[in-house]
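Undergrad: Residue numbers (my numbering): 4 to 375.
To be clear, the hints were calculated from the coordinates, so they are not data collected in a lab. There may be inaccurate statements among the hints.
With a cut-off of at most 30 Å between alpha-carbon atoms, the simulated BS3-like pairs for lysine-lysine come out as follows [stated by the list, open to error]:
(1) Lys179 with Lys156
(2) Lys32 with Lys5
(3) Lys271 with Lys171
(4) Lys60 with Lys245
(5) Lys296 with Lys245
(6) Lys372 with Lys348
(7) Lys26 with Lys323
(8) Lys145 with Lys171
(9) Lys126 with Lys145
(10) Lys126 with Lys114
(11) Lys296 with Lys123
(12) Lys182 with Lys115
(13) Lys156 with Lys145
(14) Lys295 with Lys245
(15) Lys295 with Lys271
(16) Lys126 with Lys276
(17) Lys336 with Lys351
(18) Lys28 with Lys326
(19) Lys276 with Lys262
(20) Lys179 with Lys326
(21) Lys115 with Lys28
(22) Lys296 with Lys259
(23) Lys114 with Lys28
(24) Lys348 with Lys295
(25) Lys363 with Lys348
(26) Lys26 with Lys6
(27) Lys177 with Lys28
Keep in mind the model is a prediction, meaning the values are calculated, not measured.
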Amino acid sequence: MKKVGIICEYNPLHNGHVYHFNKIKEESKADYIILSLSGYLTQRGDLAILDKFTRTKLALEMGIDLVIECPSLLSMNEALIFANAHVRNLATANVDEIWIGSEEGNEELYKKYYNLIQKKVFKDILDNFIQNGQGYKESFNKAISSFNLPPLKSNDMLGLFYYEAIIKINPNIKLKTIKRTNSFIEAEYNATSIQSASSIRANLKDANLYVPPYVKEYLSNTLDNDLLIPFIKFNIINNNLKELAESTEGIENRLKNIKGNTIEEMVKSLKTKRYSESKIRRLLIDCCFNIKKTNVLDSITNYNSLRILGFNENGQNILKELKDNANIYTNIKEGINNTFDFEIKIAKTLDLIYHTNFTKQEITKPIIKRAN
4 MKKVGIICEY NPLHNGHVYH FNKIKEESKA DYIILSLSGY LTQRGDLAIL
54 DKFTRTKLAL EMGIDLVIEC PSLLSMNEAL IFANAHVRNL ATANVDEIWI
104 GSEEGNEELY KKYYNLIQKK VFKDILDNFI QNGQGYKESF NKAISSFNLP
154 PLKSNDMLGL FYYEAIIKIN PNIKLKTIKR TNSFIEAEYN ATSIQSASSI
204 RANLKDANLY VPPYVKEYLS NTLDNDLLIP FIKFNIINNN LKELAESTEG
254 IENRLKNIKG NTIEEMVKSL KTKRYSESKI RRLLIDCCFN IKKTNVLDSI
304 TNYNSLRILG FNENGQNILK ELKDNANIYT NIKEGINNTF DFEIKIAKTL
354 DLIYHTNFTK QEITKPIIKR AN
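Please model the complete structure; the sequences and the hints are all you need to start from.
TA: In structure tokens, the structure reads:
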């Protein structure tokens, strides 16, 4: 039986994601499709506008068989850590293939670039650009260009990190791509019904045009990141900023003088050529929840569990297969491991801010979608 893995945040789930899922299902001929889903926090440094339990429910509604959580300490992180965590989830679930969106749609591209970035000469050039005050993505593509190779766009750069993670974790897994272009969606949807997740988040009043019917009802009650600001500002005053996960030399001084009354204004006041917008966003979320370097390092080093957020009847068959070979949890409580403890800490903070019941949901059974 063929198992295929996908990695997504669904922030929120939209028509492009549905096309992506249906195309994977068609081309892969998979018997099971397993999703590794980011927790409360996203890779670029946001609180997801819909909580992970809601996003799990919507993923199951779309047709996903099993949803595994990538915990927040790992999901909100630089690309390589993010990729490693998600790939490890799917490798533990014994997937045969991982399918991703790609600008080029060429799996061989990753092998070519991977062989280059392992070389010391490349690493030295990359470090030189970074030391000269340029951000990682810009430095990476400049280093690539110095070897007469075209720069990588965002999804293919992340795809390269997925490829690297697969090589390290389980080289038997095949990485497959779906090309991300406007034309490849036209067969399924009007061009006017497709928008990126970031565009939808920026214009929630128009979001219903771009999401499946079963998503629409949830977009009237999203989590506003600006409500985190009082906690961010309080912790800037009261915590050791040098210990924060994204803190680097000098940035804590800029943080103490931060300006702005919205997250966007705060990011703008901190952003420099050296510090990307995503790094600044992650730093602000670090402030909110007091996420330290030691917390992230512990998760990278010691987290080896599979947290199941939801499954359908088909996915239940996968759980039966995995239960003797994986450290599986369908609900969590404090004291299991430090990563779960921090997930519950985030849930408690969010409950305080948004008057939600995420802490209760953490300790209850996962979402099960029965067959229609």
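Undergrad: Quick check: which numbered hints come out false for this structure?
TA: 3, 4
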